[in-house]
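Q: Protein sequence lines correspond, in order, to chains A and B.
Heads up: the first sequence is residues 22 to 162, going by my numbering.
Heads up: the second sequence is residues 9 to 134, going by my numbering.
Rather than coming from a laboratory, the hints here were simulated on the basis of the structure.
Glycine included, C-beta positions come from ideal geometry on N, C-alpha and C.
Nothing false has been slipped in among the hints.
To list a few chain B residues with every Cβ distance to chain A over 12 Å, as calculated:
(1) Glu-21
(2) Glu-75
(3) Val-97
(4) Thr-100
(5) Gly-108
Straight-line distance between alpha carbons at most 30 Å, and here's what the computed BS3-like set of lysine-lysine pairs gives:
(6) Lys-51(B) with Lys-18(B)
(7) Lys-18(B) with Lys-142(A)
(8) Lys-99(A) with Lys-142(A)
(9) Lys-87(A) with Lys-142(A)
(10) Lys-87(A) with Lys-97(A)
(11) Lys-99(A) with Lys-87(A)
(12) Lys-99(A) with Lys-51(B)
(13) Lys-97(A) with Lys-51(B)
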Amino acid sequence: MAFDYTVDFDPENPDLTSDAEVANEIFLQVFNSGDGELFNRLYLDDSISNFSGEPLSGAARLAFFKEFLSSKPTLKAKITFSYVAGDVALMGVDYSIQGTAPDGSPTLLQGVCTDVLRRQKDGRWLMAIDRPVAAKGLVAE
Amino acid sequence: MSQITDDLEKRTELYVETFNSGDAEALEDFYTPEAIAVWEPGKPLTGQARRDYTREFLSRGPRISTELRQSFVTGDTALLIVDWVIDTVDETGAPERMQGIGVDVLRLCEDNVWRYAVDEPYGQED
Numbered sequence: 022m023a024f025d026y027t028v029d030f031d032p033e034n035p036d037l038t039s040d041a042e043v044a045n046e047i048f049l050q051v052f053n054s055g056d057g058e059l060f061n062r063l064y065l066d067d068s069i070s071n072f073s074g075e076p077l078s079g080a081a082r083l084a085f086f087k088e089f090l091s092s093k094p095t096l097k098a099k100i101t102f103s104y105v106a107g108d109v110a111l112m113g114v115d116y117s118i119q120g121t122a123p124d125g126s127p128t129l130l131q132g133v134c135t136d137v138l139r140r141q142k143d144g145r146w147l148m149a150i151d152r153p154v155a156a157k158g159l160v161a162e
Numbered sequence: 009m010s011q012i013t014d015d016l017e018k019r020t021e022l023y024v025e026t027f028n029s030g031d032a033e034a035l036e037d038f039y040t041p042e043a044i045a046v047w048e049p050g051k052p053l054t055g056q057a058r059r060d061y062t063r064e065f066l067s068r069g070p071r072i073s074t075e076l077r078q079s080f081v082t083g084d085t086a087l088l089i090v091d092w093v094i095d096t097v098d099e100t101g102a103p104e105r106m107q108g109i110g111v112d113v114l115r116l117c118e119d120n121v122w123r124y125a126v127d128e129p130y131g132q133e134d
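Go ahead and model the full structure; you've got the sequences and the hints to work with.
A: Rendered as structure tokens:
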């Protein structure tokens, strides 16, 4: 099923932009679509994601995103700061992820995340590094 | 990748040395032309304002020491989480100790040198 984006977003040619609010909205909507392969396109091949609790890039990152998003967890995030310095951006967010444990019970993961974005030669902005720090991890309600 | 990490570690050591020498001009080469530094929380500085701030700050003869907590390094972008302590003096000349957990973003420039793009000394609360 196609996902309806409320932001201007081309899945074939993703661009998070350097506008933190736009980037956050795209990031949230793609995450919440549950499509790990699509979510992975917001990253460069050598980008590092720490969502799994360890730094992953390339094929390992893609495999994790597919697995992680398959149960359709819901991400909420709010920008806390954003600095754009030429072709590099640093953004901070407060986030929460509501998910489901294998036994069906609800899980909640929340904390702060630091994101580094890079502008590519073609002008598109993509994730280079994410670093979530959970304040409260996988607590069953 | 380990070569890159080595380069970054040497770069950080050299930054500390240069900072402690008080040479504001030399310290400039550690930053990209568009770099942002946030020495006062919520007040990002760039360009001439950032350079002026650095010059003023270094004129008091501060000494910095750093310890790397974490590093994430891609081909051309690095995120470093760094514990730092600076011993300096305040406006009246009285000793002042500042410390924080910095969140630094460096990028590999065309001359193959890593430079700070974002210097956020208070980027993380403990």
